[in-house]
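J.: Given chain G's structure and the hints, the job is docking chain H onto it.
Heads up: the sequence lines are chains G and H, in that order.
Letter by letter, the first sequence follows residues 1 to 162 in the numbering used here.
Letter by letter, the second sequence follows residues 1 to 755 in the numbering used here.
No lab work stands behind these hints, which were simulated from the structure alone.
A virtual CB, placed ideally from N, CA and C, is assigned to each residue, including glycine.
Be a bit skeptical, because a hint or two may be false.
[As the list claims (entries may be wrong)] Simulated restraints, written as ranges between beta carbons of each label pair:
1. Q656/H <-> Q15/G: 49 to 55 Å
2. Q15/G <-> G271/H: 32 to 38 Å
3. L122/H <-> E43/G: 31 to 37 Å
4. G156/G <-> K5/H: 27 to 33 Å
5. G156/G <-> A666/H: 35 to 41 Å
6. A428/H <-> G156/G: 43 to 49 Å
7. E43/G <-> G63/H: 24 to 30 Å
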Amino acid sequence: MKKTVSFNLNGNAVQILTESYYSLLDTLRDDLQLTGTKKGCDEGDCGACTVLLEGKPVTSCMVLAHSVHDADVVTIEGLASGQELHPVQRAFVEHGGLQCGFCIPGLIMSATGLLMENPEPTEEEVRLAIGGNLCRCTGYSKVVEAILAAATKINGSKGGRS
Amino acid sequence: MTSFKVLETNHPRLDAIEKVTGSATYASDVYLPGMLMCKLLLSTQSHAKIVSIDVAEAEKIPGVRAVITGQDYPEVHFGSGGLRDRYIMPRDEVFYVGEPIAAVAADNEIIAQTALDTIKVLYEPLPNVVNSLAALDPGSPIVHPDLPSFEGYGFVLGGDNVCTLLDADRGDVDEAFGKCDFIVEDVFQSQGINQGFLEPMACIARSEPNGRLTIWASTQGPYQVRSQLATVLQLEISQIKVIPMELGGGFGAKLRLAFEAYPALLSIRCGQPVKLINTREETFTLNGPRLPVTNYIRSGINNDGTIMAREAYTVFDVGAYLGAGPNSGVGHGLGAYHIPNYRLRSYGVYTNKVYVGSYRASGVADMTFAVESHTDNIANKLGIDPIDFRMKNAIKKGDIAVNGSPLPSNGLMETLEAIKKTLNKPDAGSDRGVGVALCEWRSGSGPSTASISVNEDGTISLLTGSVDISGSDTSLAAIAAETLGISLDKVIVPKRDTDLAPFTGPSGGSRIIYSQGTAVQRAAEDTKAKLFLLASERLGVAAEALICEEGMVYVQDNPAQSLDIGQIARLSLSSRGGPIIGTASLSNMPYTPVFSTHAAEVLVDKETGQVKVTRYIQAQDVGVAINPMSVEGQLDGGAVQGIGRALSEDMQFDPQTGEVKNASFATYLMPLAIDMPNIEDILIRVPAEDGPFGARAVAEPPGFGPPAAIANAIYDAIGIRINDLPLSPERVLSAINGSVTEITLNVHSLKQAEQ
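Isolated chain G, as found in the complex (with noise of 0.2 Å):
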């Protein structure tokens, strides 16, 4: 049965009548076509439909949308601020960092939830955080060169450590 849920979505005030069953991914898809998000598995092991949830990186397939009442809620599309790409965004641009594209919105995602909450990570932490995102394409070595880019980027950015 569909029922109305509202929710902060990539900083707009969204209502909107969903499924009761549905996941975060599917309202994001199928109800508001906010494609960027990807199904991978549905059954949270590969981390494409990664979003940030209140700042933290979710997958959003094992969320119910209509858990998320009230709740801040990003996902890709709300990174860039218009045609400026978020330093994340950048890095794997210039880094190289991408090839199929499927699992990216995830790993950006994962990577954005971690500088949030870890500026200045080490090599290993930047593995960690990205442990639940698959990739089949980079073999993550150029991914974790573009987060560690991006971390020194935003902190130089901010007159923090280089």
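T.: The following block gives chain H in isolation, referenced to the frame of chain G:
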């Protein structure tokens, strides 16, 4: 090295912004008005006659718009791997657990699933065989008794369950074995592997009012989907348009017609668009993976370290149908070595399991594991350093390769030297070890086309039929830009479909840069000649006196005399020749080998059997790096796929039914970031005699080396040789405890059967 303006420089991909903002559109992202969802009913039987399928109740459920079974398709045999051995949906017999036997289109997936649950299928079980070696036994149940009547192209049928038999012979093998100083014989086994693409198979089919079909597909081969779909639906090719969407990983799994025919027929039946998205479970159970391979390998060696003779017998399990060619060539049994006498055989064997598909040079990773583990065994017997032994026996320029061609110039020796220089031998007794593997491949060929039109602002539009995989569009654009002396941002590579773009072969087998890239280079040369012709008329000089650089065409001796490319394009609109278009087309390219050397450093935990790869290096001869960042990306990704194959990935099949037992990412263990070392890439540049600017293929070899390099490193660390993949903690620990599985292949009976 030639100085390049565009090549050999890192360029972000042309489509990178779409991919990092989530706006890149994959097939599953396509939503159409009135779109229905398709679900598939899967066989529960390993091998059985279908006595009846009753769909009457399903058709009555509100929201169900169409139900189809195999009987609804034209009765036409079709094949995706070189042998017409199947129907697109079984008519009266199923051959593996998970085979689709009916499809439903409904208003949503829940209704479709409810409908499936009401379909009644009556089976009559038939004898089955699951293991490929058992399938070779005389008296084994026969998977396809009508094999002799199947139409094939290019393969010899071996009879019974042997659907393909490939051979290669040279010299007097028996005499050479008789004369050599000693013989080394090994048997290896490798496991079933899933391609592990992150985007599940997805497609949408829409039957158009004019009788045509539009297919939005996740595919590496839109023209292959078009022609195979035309075959199974008995339509004309011109009635089908295939739109390849962004491809979320394929690695060979998406080269051919997959499931597009199901929504297609449903859409024809009900007149609405129909979408099918595989579940992750279905990507394991019904999308052709690689299946187990058994390799018998025997070499005759002289005490001076020369390999004199080789026998290799390889058995490829192909599952229920020959979904992809059995392997990429029997010649890989030689490895990258010059061996004067050899007898090589490979067998494709039917079993009642999900049918085999392609994966990053199908079969070569299995053969490289066997050959390169065996190579270390020989070097160890001789007491020679494994790298020196490889250098001594490596095939050299001018040697006749197994395909009969003399080996062109190449960087094989340079890759070995680079690894030798970089590798440090760990201390003895540290449980650390190093191992190497030498890999060989060839640059892929096949039909390739390109067309370039010059726009009035000096940009160009590059039209190719090949699907972008891993940045290939950007590399093709770079080849055009380099040839025409313009910057990369002046190249537009439009999205295309099979109505719009000229025919080209699929994006696979390491053929895009080498073959398609050559077509692009030639189309750009053609464009340049036409630009020069018009410029020479306007500037009053001979075309031979002109060069183009930085978007300008100018007289070499007098650079002030010039026209920019945009000006020429505008002039062309009213010129005798008309607007400028350059084209090129080719079908086959000469043999161009690719070699690489891999090295792994491992730490073996003797308590748990856990193997940690602490360092991984690969040196590959790329000829010229069109876009180094992209080349490294291919090398990194391939190596990590290979490390997964070496250590953890393992499709498990029920021994009685052949059903896939670990159909999820939680149980099929692909490498995670936290498990992987940073991959070190060394690019060797020995320009190819053919190929754009001397570039060689890149993408397949990176996955070949890890299993053997890691097995050799484990031997180096703890003195134990394991011949069975994956090198999982369980297997390594039982080997440490003295229990190693003995693998046997009855080569004697294979030889007898041949006579």
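J.: Take the hints in turn and mark each one as holding or not.
T.: Against the structure, the hints come out as follows:
1. The hinted range of 49 to 55 Å is satisfied by Q656/H and Q15/G, whose Cβ atoms lie roughly 53 Å apart.
2. Q15/G and G271/H have their C-beta atoms about 35 Å apart, which keeps the hinted 32 to 38 Å range intact.
3. The beta-carbon spacing between L122/H and E43/G, approximately 32 Å, falls within the hinted interval of 31 to 37 Å.
4. G156/G and K5/H have their C-beta atoms about 31 Å apart, which keeps the hinted 27 to 33 Å range intact.
5. Checked against the hint of 35 to 41 Å, the C-beta distance between G156/G and A666/H comes to roughly 39 Å, which is consistent with it.
6. Checking the proposed 43 to 49 Å range against A428/H and G156/G shows it holds: the Cβ atoms sit about 46 Å from each other.
7. The supplied range of 24 to 30 Å is met by E43/G and G63/H, whose beta-carbon atoms lie about 26 Å from each other.
In this structure, none of the earlier numbered hints is contradicted; all agree with it.
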